[in-house]
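Visitor: Using the sequences plus the hints, can you model the full thing?
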Amino acid sequence: MVLNLQQFSFTPKGDEKPILGPIDLQLKQGEWLVVLGGNGSGKSLLAQLLAGWYPDLLTGSVQGLGTVQNIALDKSRLVSLAPGRQLVQQSPQLQLSGCAFTVEQEIAFGPENLGLSDNEVRFRVKEAMILTQCDNLRFRHPSTLSGGEAQRVVIASALAMHPKLLLLDEAFSRLTPNATQQLQQRIKQYAQEHKCSVIIFERNLLPAITLSEQFLLLEAGKTKVAGALEDIFPFLFTTINAPDAWLALNWLIENHHWNKNIVNNDKALLKAFKEFYVTA
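Residue numbers (numbering that gives the first Met the number 0): 0 to 279.
Derived by calculation from the structure, the hints in this document are not laboratory data.
Incorrect hints may have been included.
Okay, derived cross-link-like pairs now, SDA-like style, lysine to any residue, Cα gap no bigger than 25 Å in a straight line [what the hints assert, rightly or not]:
no.: 1; residue 1: K266; residue 2: R185
no.: 2; residue 1: K273; residue 2: P242
no.: 3; residue 1: K194; residue 2: A178
no.: 4; residue 1: K125; residue 2: P82
no.: 5; residue 1: K163; residue 2: G83
no.: 6; residue 1: K16; residue 2: Q47
no.: 7; residue 1: K270; residue 2: F236
no.: 8; residue 1: K27; residue 2: E169
no.: 9; residue 1: K266; residue 2: R202
no.: 10; residue 1: K223; residue 2: G37
Guide: Quick look at the structure:
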């Protein structure tokens, strides 16, 4: 079991009540999970806790059971966890090391600190750059990168560590929808090859719902609903961002005008709408 949370909650230092939880959540090796929620929902805090930020970077107390990769969340130290789990957040420039003069050096920074051989470091850097399509950025200085380019490099740096748990907190926010979809599919390929579990934290419906069959919807730090897409769909649209077509689908479902399955991508939705209006 990669992740096991049972009535898990977090209370910051100085607060009397938890601002996150209670949360019940399990994830097996190689599985994907999408955590959805709007601003202030607690999804970034959950990502940080799962990455091992407590107690080094997050002060307070945890309650309930919380283990990640068989390590209790209140017994971990961030420096020892980095080889096994990686967190990529929304602002890429804040996650660059500041110790590299080229993108290639930036991606190599983590593996080199693991004490790996030169051949292994070169292999991992090349693999990560190909996966994230940033090979053409190899000799660029990290400070010259655009937001989207920097996000690719930060994701490549995380993948070069060969983590068994990858946490992506709005990690594609600076990329176009098409680039996001392509990169997510490449990460899916990587995860299958390396048996890596992936948790995606998003406030946008698409393309997040195309990536997993397991979902958790957070609101004000608490679990609003968890389960398959069909379970969470009726509760999504008061808290997360979605295109108008998906709002229309929700209206049809709420008013009992929709007797088809709930799809998980724009192409399938367009096809379903065409069939619906032809037969309606």
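Visitor: A separate judgement is required for each hint: does it hold in the structure or not?
Guide: Checked hints:
With a C-alpha separation of about 20 Å, the suggested pairing of K266 with R185 holds against the 25 Å cut-off. With a C-alpha separation of about 17 Å, the suggested pair K273 and P242 falls inside the 25 Å cut-off, and the hint holds. Restraint check for K194 and A178: the C-alpha separation of about 24 Å stays at or below 25 Å, so the hint holds. Taking the CA atoms of K125 and P82, the gap is near 18 Å; set against the 25 Å cutoff, the hint holds.
As the CA atoms of K163 and G83 are separated by approximately 5 Å, the hinted pair is consistent with the 25 Å bound. Proximity of K16 to Q47 is assessed by CA-CA distance (about 19 Å); at most 25 Å being required, the pair is judged to hold. A distance of roughly 22 Å separates the Cα atoms of K270 and F236; the hinted pair therefore holds under the 25 Å criterion. For the hint linking K27 to E169, the alpha-carbon distance of about 22 Å falls within 25 Å, and the restraint holds.
Between K266 and R202, the direct Cα distance comes to roughly 21 Å. Compliance with the 25 Å bound is thereby established for this hinted pair. Restraint check for K223 and G37: the C-alpha separation of about 12 Å stays at or below 25 Å, so the hint holds.
In this structure, none of the earlier numbered hints is contradicted; all agree with it.
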